[in-house]
Amino acid sequence: MRRNRFLAPLLVAASLLATAPVHGQPAPAAVLASDEAQRIALDAYVYVYPLVVMDLSRRQDTGGKGPGHAPANTFAHERRLPQADFRRLPRPNFDMLRSSAWLDLSTGPVVISTPETHGRLYTLSVLDMWTDIFAVLGKRTTGTTRGNHAIVPPGWTGVLPRGMHRIDAPTAQVQARLYVQTGGSSEYPGVHAVQDGFILTPLAEWNQQAQSVRLRSDPDLDALTPAQRQVEGMNAEDYFGYAAELLRKHAPHATDQPMLARLRRLGIAPGQQLAFTRLPTTVQQALRHAVRNGPQALRDSLPATGSLANGWQADADGAGVYGNAYLRRAVTTQARLGTSLPEDVTAMLLLADAADRPLEGGQRYVLRFEADQLPPAGALWSLNAYDAQGYPVGNGFNRYALGDRDPVRYNPDGSLELYLQRDPPSPDDQANWLPTGEGAPGVILRIYLPQASVLAGRWVPPAARRVEAADD
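Taking mature numbering (1 follows the signal peptide of the UniProt record, and there is no 0), I'd label the letters of the sequence shown as residues -24 to -1, 1 to 448.
Simulated from the structure, these hints should not be mistaken for laboratory data. Any given hint might turn out to be false.
What the hints assert, rightly or not - Computed list of lysine to aspartate or glutamate pairs in DMTMM-like fashion (alpha-carbon distance at most 20 Å, straight line): (1) Lys115 to Glu92; (2) Lys115 to Asp172; (3) Lys41 to Asp61; (4) Lys41 to Glu92; (5) Lys115 to Glu163; (6) Lys41 to Asp198; (7) Lys115 to Asp348; (8) Lys115 to Asp389; (9) Lys41 to Glu163.
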């Protein structure tokens, strides 16, 4: 099989991190009709997409330079909220300062030490390589006091120090994603101190002097282009070959057996290298068809992967823990790699206006929340605007979000009207203006520590009314 820059590092490490036996002969592909091969290949593309994107993102974060990059077992902290020029991640958060770290458990557990935050809201989610959240630390779950939590690799049978909380990881590499609430730049010093209080320590170094760690950059790695875009530019041999190598390192979930049986019919099996050129022509063509059409198929599936009401798509059902909902997991990965559990933050995406028309650039929209229908948040809520690619929309107000912490103007009856449009409204309405761009706007409502009515789907945001010329 032809080696490439995506596979080379994996091949070096495969024997060290393998979770399945490696066999000498590749899995034989079944004799399949063309249409059946294409269906299975597209299912295979969707199934492994999160795993491939997750691993490339890991390599970018631990092998690149600059903000957002750090060695394994070290937090990289964002020290300010995203501004107009932010392009590192789509749909960034404008309410919390973000930190992230990749934990390498190949030689044993890694301890996450959490600080006393004095009640400040934070959420630290730990994701396996399939993007499933298997642990959450934070105000909702563990509280805001100090603690030590050992993330333990599969099969580890050692003993932890007294008082240390054990968390078993499904894969030998995991990601920790930390969000700490901030009210803006005036709170940065205190928030930075909280961020710095989160410490990662390999258990083997516990109670020893901290060792300095150098970032080992990979000169052949593109650390700037989003992982999703790079993955979607791979050819079939690279994509499925990369996936086959990752399946050696990161065991599929136990309930994935039916999908793995389908992959075997294509000649793809955990623990075996993919001999692409030895596959039947029909299978090779089907795999090529999958990588050509898979990315758009995921984009087209976005409206179908969540409940839709008043033009809003809610992500409260199964977000962060996907089970066998492979399409939902892949669509979420494409849109925003990694998410939070809905109990911590529920994100709702505005897809259509009150007349069920897709949002259009240049149009003006009004969201009216009645006094008794404001977002039911246990902590806070925030309405965020992005461009069509998911990045901040530059504007003279440096305003990218509006929420309950902002000095918005309520109507005499207690209702709240927010204006989504490109150009500033009248001076009286500018406090309630969320700027949008030239293209189709991306609007997300985030509700932190949502109440039960949100999680159960009983509360939904109001429909966005498009302002017509006759309304002026």
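Outcome of the hint check:
Restraint check for Lys115 and Glu92: satisfied, since their Cα atoms lie roughly 11 Å apart, inside the 20 Å limit. Taking the CA atoms of Lys115 and Asp172, the gap is about 17 Å. The hint holds against a cut of 20 Å. Restraint check: the Cα-Cα separation between Lys41 and Asp61 comes to about 18 Å, which is no more than 20 Å; the hinted pair holds. Simply put, Lys41 and Glu92 have alpha-carbon atoms about 30 Å apart, too far for the 20 Å limit, and the pair is violated.
Proximity of Lys115 to Glu163 is assessed by CA-CA distance (about 19 Å); at most 20 Å being required, the pair is judged to hold. Straight-line distance between C-alpha atoms of Lys41 and Asp198 comes to about 11 Å, which keeps the hinted pair within the 20 Å bound. For the proposed pair Lys115 and Asp348, the alpha carbon gap of about 27 Å is over 20 Å, so the pair is violated. Restraint check for Lys115 and Asp389: not satisfied, since their Cα atoms lie roughly 34 Å apart, outside the 20 Å limit.
This hinted pair does not check out: Lys41 and Glu163 have alpha carbons roughly 27 Å apart, beyond 20 Å.
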